[in-house]
Amino acid sequence: MHLDYISNFAATLGHTLVKHRMKPRVYIGCMKCGPVLAKKGVRYYEPENWKFGGDGNKYFRHATGQLYAISNELAAYISINQHILHKYVNEDVSLGSWFIGLDVEHIDDRKLCCGTPPDCEWKAQAGNTCVASFDWSCSGICDSVDRIKEVHQRCSENSSAIWNAVF
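Quick note: the numbering used here has the sequence shown finishing at residue 1137, numbered continuously throughout.
Hints are computed from structural coordinates only; laboratory data are not their basis.
A quick note: this is a predicted structure, and the numbers were derived from the prediction, not measured.
Note that CB positions come from ideal geometry on N, CA and C, so glycine has one too.
Please note that the accuracy of each hint is not assured.
[What the hints assert, rightly or not] Here are the computed distance ranges between Cβ atoms for each label pair: (1) Lys1002 to Gly1071: 18 to 28 Å; (2) Asn1134 to Leu1007: 39 to 49 Å; (3) Arg991 to Lys1021: 30 to 40 Å; (4) Pro994 to Asp1116: 16 to 26 Å; (5) Ala1046 to Val988: 18 to 28 Å; (6) Cys1112 to Asp1078: 36 to 46 Å; (7) Asn1027 to Gly1071: 31 to 41 Å.
[Claimed, not checked] With a cut-off of at most 30 Å between alpha-carbon atoms, the simulated DSSO-like pairs for lysine-lysine come out as follows: (8) Lys1081 to Lys1028; (9) Lys1021 to Lys1009; (10) Lys1093 to Lys1002; (11) Lys1010 to Lys1021; (12) Lys1002 to Lys1057; (13) Lys993 to Lys1081; (14) Lys1093 to Lys1119; (15) Lys1028 to Lys1057; (16) Lys1009 to Lys989; (17) Lys1002 to Lys1119; (18) Lys989 to Lys1081; (19) Lys1119 to Lys993; (20) Lys1028 to Lys1010; (21) Lys1081 to Lys1057; (22) Lys1010 to Lys1057; (23) Lys993 to Lys1093; (24) Lys993 to Lys1028; (25) Lys989 to Lys1002; (26) Lys1081 to Lys1119; (27) Lys1057 to Lys1009; (28) Lys1093 to Lys1009; (29) Lys989 to Lys1119; (30) Lys1021 to Lys989; (31) Lys1002 to Lys1081; (32) Lys1010 to Lys989; (33) Lys1009 to Lys993.
Produce the complete structure using the sequences and hints provided.
Here you go:
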């Protein structure tokens, strides 16, 4: 599992992961396939953009880098083959590229990529607590030192959720 500067809720994460624990090759996250950024100086610039085709091409489907999880079998595959797996500038692109030719189940779970309040707050009030919340504009929680407490208060799972969780 990979985790960036985001707000996350352990019990909700556990409940999400346990649904897939018996699957041998599973890749869980907020799947996307955005444009390959070929212009030097822009955030997330891809120096090897030529490998993805011409101008305007998109990346293959992969999980956004804030939070994703892979099965034990896939983690073992990466560990064994790490010396021959190509690494792109962005780790989420690298990970997605390693699974293209493999028999991997891609699971797009939008609970792993909720926005900060009010998005996650509305979902929590409706009983659909997010696993993770972040601001897309900064790929984490913008001004996290000042805002993390507010995000947890407004978007949190039930305070007893972690103590009552059974996995």
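Quick rundown of the hints versus the structure:
1. Lys1002 to Gly1071: 18 to 28 Å: Holds, since lysine 1002 and glycine 1071 (Cβ atoms, about 20 Å apart) stay within the stated range.
2. Asn1134 to Leu1007: 39 to 49 Å: Holds: the Cβ-Cβ distance is about 44 Å, inside 39 to 49 Å.
3. Arg991 to Lys1021: 30 to 40 Å: Holds: the Cβ-Cβ distance is about 34 Å, inside 30 to 40 Å.
4. Pro994 to Asp1116: 16 to 26 Å: Violated: the Cβ-Cβ distance is about 43 Å, outside 16 to 26 Å.
5. Ala1046 to Val988: 18 to 28 Å: Taking Cβ atoms as reference, alanine 1046 and valine 988 lie about 20 Å apart, which means the hint holds.
6. Cys1112 to Asp1078: 36 to 46 Å: At 25 Å between Cβs, range violated.
7. Asn1027 to Gly1071: 31 to 41 Å: Given range 31 to 41 Å: violated, Cβ gap about 19 Å.
8. Lys1081 to Lys1028: holds, 24 Å
9. Lys1021 to Lys1009: Holds - the C-alpha atoms of lysine 1009 and lysine 1021 are around 14 Å apart, at most 30 Å.
10. Lys1093 to Lys1002: holds, 21 Å
11. Lys1010 to Lys1021: Distance of about 16 Å is within 30 Å: holds.
12. Lys1002 to Lys1057: holds, 19 Å
13. Lys993 to Lys1081: holds, 19 Å
14. Lys1093 to Lys1119: Roughly 18 Å between the alpha carbons, so the hint for lysine 1093 and lysine 1119 holds.
15. Lys1028 to Lys1057: Roughly 18 Å separates the two Cα atoms, so the pair holds.
16. Lys1009 to Lys989: At roughly 40 Å apart (the allowed maximum being 30 Å), lysine 989 and lysine 1009 break the hint.
17. Lys1002 to Lys1119: holds, 29 Å
18. Lys989 to Lys1081: holds, 14 Å
19. Lys1119 to Lys993: At roughly 35 Å apart (the allowed maximum being 30 Å), lysine 993 and lysine 1119 break the hint.
20. Lys1028 to Lys1010: At roughly 17 Å apart (the allowed maximum being 30 Å), lysine 1010 and lysine 1028 satisfy the hint.
21. Lys1081 to Lys1057: OK: lysine 1081 and lysine 1057 at ~27 Å, within 30 Å.
22. Lys1010 to Lys1057: holds, 18 Å
23. Lys993 to Lys1093: Cα-Cα ~28 Å, so holds.
24. Lys993 to Lys1028: The hint holds at about 29 Å.
25. Lys989 to Lys1002: holds, 22 Å
26. Lys1081 to Lys1119: Judged against 30 Å, a Cα distance of about 20 Å means the pair holds.
27. Lys1057 to Lys1009: holds, 19 Å
28. Lys1093 to Lys1009: Outside the cut-off at roughly 36 Å; violated.
29. Lys989 to Lys1119: holds, 29 Å
30. Lys1021 to Lys989: Answer violated: lysine 1021 to lysine 989 is near 36 Å, above 30 Å.
31. Lys1002 to Lys1081: OK: lysine 1002 and lysine 1081 at ~14 Å, within 30 Å.
32. Lys1010 to Lys989: violated, 41 Å
33. Lys1009 to Lys993: violated, 39 Å
Going through the hint list in order, the structure does not satisfy hints 4, 6, 7, 16, 19, 28, 30, 32, 33.
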